[in-house]
Amino acid sequence: MSPNQSSRRVVVTGIGVVSSLADDPADFHQALIKGESGIQPLSLFDTEKLGPCVAGEVRDFDPVKYLGKVNLRPVDRAARLVIVAAHQAFLASGWTPELRQEHNVGLVLGTMFGSIHTISSFDRRALEAGPKYAKPFDFANSVINAAAGQTAIWHSLRGINSTVAGGTAAGGQALAYATEAIRTGRSDAVLAGGADELCFESLFGFHQAGLLAASGEDDACSVPFDTRRNGFVLGEGAGLLMLEEARSALDRGATILGEIRGHGNCYDCSRGQDERAAEAVRRAIGLALSDAGLESEAITAVSAAANGSVLGDRHEAAGIAAAFAEVEEPSVTAVKSMLGETLGASGAFATIALLESMRAGVLPGVRGLEEREDGLGLTGLSATNRELEGRLGLVNAIGLDGNVAALVIERMNAQELAQRIVETA
Amino acid sequence: MQQRIAVTGIGAVTPVGAGRQEVWENLLAGRCGISQVESFDTANYSVHVGAEIKDFDPTPYFSQLDVSRVGRASQLAVAAARQAVADAGFDVSSIEPERAGVVMGTTSGEPREVELFDDHYVAGDLEQVGPEFITRYPCHVIAGHVASELQFAGVNVMIPAACAAGNYALAHAFDVLRSGRADVMLAGGADSFSRITYTGFARLGAIAPEVCQPFDLHRKGMIPGEGAAVLVLEPLERVLARGGKIYAEMTGYGLSCDAHHMTAAHPDGAARAMSGALIDSSRKPEDVGYISAHGTGTPTNDRQETSAVKKVFGDAAYNVPMSSIKSMIGHTMGAASAIEAAVCALAVATDHIPPTAHFKDQDPECDLDYVPNEAREQRVEVAMNNAYAFGGNNASVIFEKCQP
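Chains A and B supply the protein sequences, listed in that same order. In this text, residue positions in the first sequence follow the numbering used here: the first is 100, and each later residue adds one. In this text, residue positions in the second sequence follow the numbering used here: the first is 4, and each later residue adds one.
If we strip away everything but chain B, and leave its shape as in the complex, we get (with noise of 0.2 Å):
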C-alpha cells in the first residue's frame, strides 16, 4: 500500500493579499491585484501594468537568516514557508529537521540580482559589483533560504521548470514523502516582479494593457506578476497521529513535454499531463468537479487548454467548472502552479470555487464553464491543477477530499 499524501498547511504571498486566508477570501470576491508598475520605470515599453505585491514587510518572517542579505524571491518564498508551517499547527521542535524537506520552483530565481548586474554593466562600472551578485542570484537559494531559514535540513531541490514549476515541486515532493525520504515537505514556488520576464512578455506582444480576462472573446493577453505560495505536505498516517488537519489529499500528478516548440505549447502534451495526472490518481474526468486551468489569458493558451481539456474530458468538459484566478493575481510564473494547488486544496477543503474575473463575452472557441466573475459554492470532490511553460513543460496535479 502506497504512502498517501495529505496537504497540512498552506501560505501564500500575493498580489491581492498575504496568508491562506486573505488570500482565498479576496480571490473568491473576485479582487484584482493588478496596477501600475513601480518596480521600473515602463515609460519605453507599449504596456504599463502589472501584479506587484505592494507593501509587502519581509522582516516579520526572518529570525535565523539576515532578511537584507536575501533576494525578494527567497523572501517571499520563506514568507509563504513560515506562514505554511504556522498553519499546518504542528510544533516545528517535533520534527526531525532531517526529516524536513523542501521542493521549490522558480522561472527565474532572483532576477533582480543579475538585472542589477545588467545596470552596472550598461553603466560601465562593473566594478561596483560586489561579492553578492553571484551568491544571491542563483536560482536555488531560494529552497535554499527556505530551508536554513526553518532548519529544514532534509531533501532539497529546486526545478526551475517556468511557469510549471510550482506543480513540479509538488510532484517531485509527493514522490519524495511516498518513497519514504521525508516525514514532512514543503513544496511550492515563488517569483519575484523581473524586468526581464516583462520585456520578454511585451516584446511578443504577450502582455495585456489593462486587464487579464482568461477565456474571453475580446482577452489580450496575459499580466506579469510575482508572489510566492508554499503547501505543507506529509504522509496521511502521521497527520493522523498528531491530529493534524487536512485541507486535501494529493493522489496523482502528470508531466509531459511537448518536444515541439520552446514558447507555443502543443495541446497534446497538455492533453497527456493530464491524462497521466487522472490515471496517477485512479481517477475519471467525470470525478474532477474543478480545474485550476493555467488560463493565463493569451489568445492562444486559453484556446489551446480549452480544446486539451475537451481532447481529455470528452463530454465530461462541459460539466467542470474551470476557472482562472491569473485574472485576479496575473502570471505569478514560478509561483503560479503553487497558488493555484492552494486554491484547488481550499476549493476541495470548503467546496468553493474561485472565479474568472473580468470574464464578459465568450468565445465561440472557448464554450467552456469558466465560472465568470461570481465565486461559486459547489460541492468539489476531485480538483485538478494545470501548469504549461515555456520549453513544452506540462504538469497536472490532482487533489481530493481526504477520507482517511
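Okay, chain A solo, but in the shape it has when bound (with noise of 0.2 Å):
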C-alpha cells in the first residue's frame, strides 16, 4: 500500500478521559507513570452470583458533577460516560457550545456492547411485567448506537454520527474511521474514541466463557505478557480525541497535542486462534506505518492491546515482534494492567496514554509484570517506567476474535505543525 494521498492532516486538539484512574489526561499519565492501579473490588453491582470480584470501575461516577444540575433521566450509563468525556474534549479543545451551533461537528464512537446492560433490563421487565411494560426510555437507548446519538443530542453535534462496532479494537477503529472522514473533506471536526460500561451482564458472559483471570483465586494474573497471566479484568470508561483538520485547527488558534498519522486495519480469520492472528498484528502495524509514509526505525514507543489472554498477548507480541524485526525494538507499554479491558475504550485509551507519555517524555512500565513469557520477543517490554525522546508512537486496538487496528501518532505543538505544512507545501 503507498502512503496516504490526502493533503489533508489530521491533528489532535483536546482530549476527554474518563476512567478508573483520572478524570483528565495529565492525571491519567500521572497516575500511569506512578503505576496506579483503577483495578479493585467491584462496588458498581451486585456480584452475588460470581463471587468477589475486581474490576477497572470508574467510582463514584457523578456527571452532575461535570455537567451541572441537569436531567439525565433520558440517559443510560453508557451515555454518560460518553458524554461527560465529551464534553471535558470540548472544554480541551476549545470547541465551545456557541462554535458546535456554527460547525458540523462529528462523532464517531467505538464500542463492543453500546448497553447490552439496557438491552437486557428492557427484555426482562418485558418478560416480567409483560410487554405492554417495557420501558420506552430503555428501548430508545436499547440501540447500539444510542450513546453517540444521545451524546449528539446532549451537546449539539450535526455533523456524521457513526458508531463502529469490533470488539476491543473498536476505539482504534473508529479513530481511523475519524480520520478518514477528515481526510476525505468529508468533516472539519470530529470527536472520536470509545466506551463500554461495566456491567453484570457482561462480566457474567465473560466470566462464563472463562475469558476473565479468575476473581478471588490465589494464582489469578491479568498481567500483559507476564507468563503467569490467565485472562483478563474487565474495565470500564470513556476515551475521546478531538479530531480536527490541520490548517483549521491553526487558524482557530487551536492547542496542538499530536496528529495522526496513520493507520491500518485488517482482519485474522482465525479469531484469534492461530498464527494468523501475529500475522494480522503485523500487517496492520505494516499498513499504519505505510499509511504514515515510515519504516518501522521511525517509531519509539508501542501502547499494546494486551490484556493478559494468554493467547491475545502472545500474538499481539508475535506480530510486534515481526513488525519490528529489521530495528531496534521500541519501547513497549500496556496500560491495561492498570485500567484492566475497557472493551471499546481501550483502543482510545491506548491512544491517549502514548500520546500523554510523548508529551511528558516517560512511557509507564508495565505494572505487575514480573516473569515475562519465553520467547515472547518483547525487548521493548519493561516493568518500570522509561524516558521517551521519540515523537512517533503506534498504538495497537486489537479485538478478541479477529479484529485488528493499528495507529501511527506523533506528538506535535502548533509551532511545530506550521512549520511541517510549510515544508510539505
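Keep in mind that the hints were calculated from the coordinates and are not lab data. Any given hint could turn out to be false.
[As the list claims (entries may be wrong)] Rough simulated footprint, nothing fancy, chain B against chain A, three-plus residues with beta-carbon under 8 Å:
#, stretch
1, 217 to 228
2, 247 to 258
3, 404 to 415
Given the structure is predicted, the values throughout are model-derived calculations rather than measurements. Built from N, CA and C at the ideal position, the CB exists for glycine as well.
Reassemble the complex: the two chains are provided individually, in unrelated frames, and hints are given to aid placement.
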C-alpha cells in the first residue's frame, strides 16, 4: 500500500477521559507513571452470582460534577460516560457550544456493546411484567448507537455520527474512521474514541466464557505479557480525542497535542486462534506505517492492546516482534495492566496514554510485570517507567476474535505543525 | 482522478425470498412477506404480525465455519455474502485475501443470544448460560463471520447504526475503496428477528396490526422484519480489467445527525443527508429517477420524509418515483437500507421500479409519486437510497448507470 495521498492532516486538539484512574488526560498519565491501578473490588453492582470480583470501575461516577444539575433520566450509564468525556474534550479543545452551533461537528464512537445492560434490562422487564410494561426510554437506548446519538443530542453534534463496533479493537477503529472522514474532506472536526460500561451482563458473560483472570483465586493474574497471566480483568470508561483538519485547527488558534499520521485495519480469519492472529497484527502495523509514509525504525514506543489473555498477548507480541524484526525494538507498554480491559474504550485509552507519554517524555511500565513469557521476543517491555525522547508512536487495538487496528501517532505542537505544513506544501 | 466504484454482485435473504433474482422478481410482483410471528409467543402483545424469513437453511452457505455455532444474523449475512460473491462472478482465489474486506451494518447484532440470557436470568437458572453467550452476541461478529467464512483478511468494520446501518456500511466501504485500502469490499447489513425490537416498537405503538402501507392516508405503522443483503463493491478499473458485469456505479453519499431526539426524526437532518449525497455525486435533484424511501409506514416518518424530499428536490420532487419496499418485506432493521441499496442498483440496471404495496388512499400530506401497487418500467439514470435511524442518524446513497 502507498502512503496516504490526502493533503489534509489530522490533528488532536483536545482529550476527554473518564476512567478508573482519572478524569483528565494529564492526571491519567500521572497515575499511569505512578503505577496506580484502577482495578479494585467491584462496587457498581451485586456480584453474588459470581463471588468477589475486581474490576477497573469508574468509582463514584457523578455526571453532575461535570455537567451541573441536568436531567440525566433519559440517558443510561454508557451514554453518560460518553457525554462527560465529550464535555471534557470540548472544554480542552475550545469547542464551545457557540462554535458547535456554527459548525457541524462529527462523532465516531467505538464500542463493543453499546449498553448490553440497558438492552437486557428492557427485555427482562417485558418478560417479567409483560410487554406492555416495557420502558420506552430503555428501548430508545437499546440500539447500539444510542450513546453516540444521545451525545450528539446533548452537545449539538450535527456532523457525521457513526458507531463502530469491533470488540476491543473498536476504539482504534473509530479513530481511524474519523481520520478518514477528515482526510476525505467530509468533515473538518470529529470527536472520536470509544466507550463501554461495566455491567453484570458482560461481566457474567466473560466469566462464563472463561476469559477473565479468575477473581478470588490465588493464581489470578491479568498482567499483560507475564507468563503467569490467565485472563483479563474487565474495566470501563470513555476516551475521546478531538480530531481536526490541521489548517482549520491552526486558523482557530487551537492547542495542538499531536497528529494521527496513519492507520491500518485488517482481519485475522482464525479469529484469534492461531498464528494468523500474529500475522494480522504485523500486517495492521505495516499498513499503519505505510499509510503514514514511515519505516518501522521511526517508531520509538508502542502502546499495546495486551490484556492478560494467554493467546491474545502471545499473538500480539509475535506480531510486534515481526513488525520490528529489522530494527531496534521500540519500548512497549500495556496500560491494561492498570485499567483492565475497557473494551471499546481501550483503543482510545491506549492512544491517549501514548500521546500523553510522548508529550511528557515518560512511558509507563507494565504494572506487575515480573516474569516475561519465554520466547515472546519483546525486548522493549519493562515493568518500570522509561524516558521517551521520540515523537512517533504506535498504538495497537486488537479484538478478542479477529479485528486488528493500528495507529501511528506523533506528538506535535502548533509551531511544529505550522512548520511541517510549510515544508510539505 | 478519484477511483470510481462499481456494484458488481448482489446477495440478499429476505422475507420474500433469497438471492438477487428471486428477491427482485417478488418485489416487482408486489409479493408480501408479512405473516404471524412464529419465533416467539406474541399472546401478550397487541400486535402479532412480522416479516420473518421462514424455512431458511444456512447450511449450504457454510464451508469454513460451523453453522451451528453462529448466530442467526450471521447466518443470514454469510448467506447473502456467499450469494453476492457468486453473483459477481469472480474466482475468489483470484483475489488477494489481504485486499478483500467486509463492512456490515446492524441494529441489534445477534439479539437472540442476549434474549436467551434474559430467559435464563428470569427463570433463575443463569448457570445454564454457556461460553457462547458472550462470544456469539457482540454485533461485530457478523462482519467477522462473513470475513472468516470467505477468508477475506482485509479491512473489517461493523457499523451498528441502527436502521440506517446498511447505508453507513456502504458509505464506509466506498471510502475504503476510494482511498486504495482494498480491491474488493463486501458491504451490507443484517438483522435477525428480535423479540427486543418487536417489544420496543409494540410499546411505542409503532407496529401496524396487519399490513404495512407506507405513505397511505390510513397507514398504521411499521412491521419489524429480518434479513440480510450484501453488495460487492469494486473499483471500476478492476471490474473492467476482469470483464465483470456491473449493475450500477456508486457515486456518493451523505450522512448527517439530527442531534434532536433519539426516536423522533427532524426533517432537516434527512434533507442534509440527501443534499450531501447529491453534492458528493455531482448530481442535481432533477437527475434522480428513483428514490428508495426509508418509508417505514409510520404516520410521522412518511410525512417527514415526504417533506424533506420536497425541501431538497423542490418542484422536481413531484416527478421522481419514490417507493418503499418495506410495504412488502417490513422493516428489516440494519438490513433494510442494504436490501434497498440492492433495489436501487437493480432499478438502475434494469429500468424497473418496485411498487409501494397496499397503497389505497392518498394522504394530502404525502402527495408525491409513490409508485402505488404496480411495478413500473421506467428509465432510471440515478437512484437515491434513503435511510434514517434511532439516534438521529441519516444516510443517503446514490447509485447511477455506469458509463465506463
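A quick look at each hint next to the structure:
Under a criterion of three residues with beta carbons nearer than 8 Å to beta carbons of chain B, the stated coverage of the stretch 217 to 228 of chain A is upheld, 8 such residues being counted. Interface restraint, the stretch 247 to 258 of chain A with chain B: holds (10 residues with C-beta to C-beta distance below 8 Å; minimum three). Three residues within the 8 Å Cβ limit are the bar, and the stretch 404 to 415 of chain A against chain B gives 0, so the coverage statement is violated.
Taken one by one, the earlier hints fail for this structure only at number 3.
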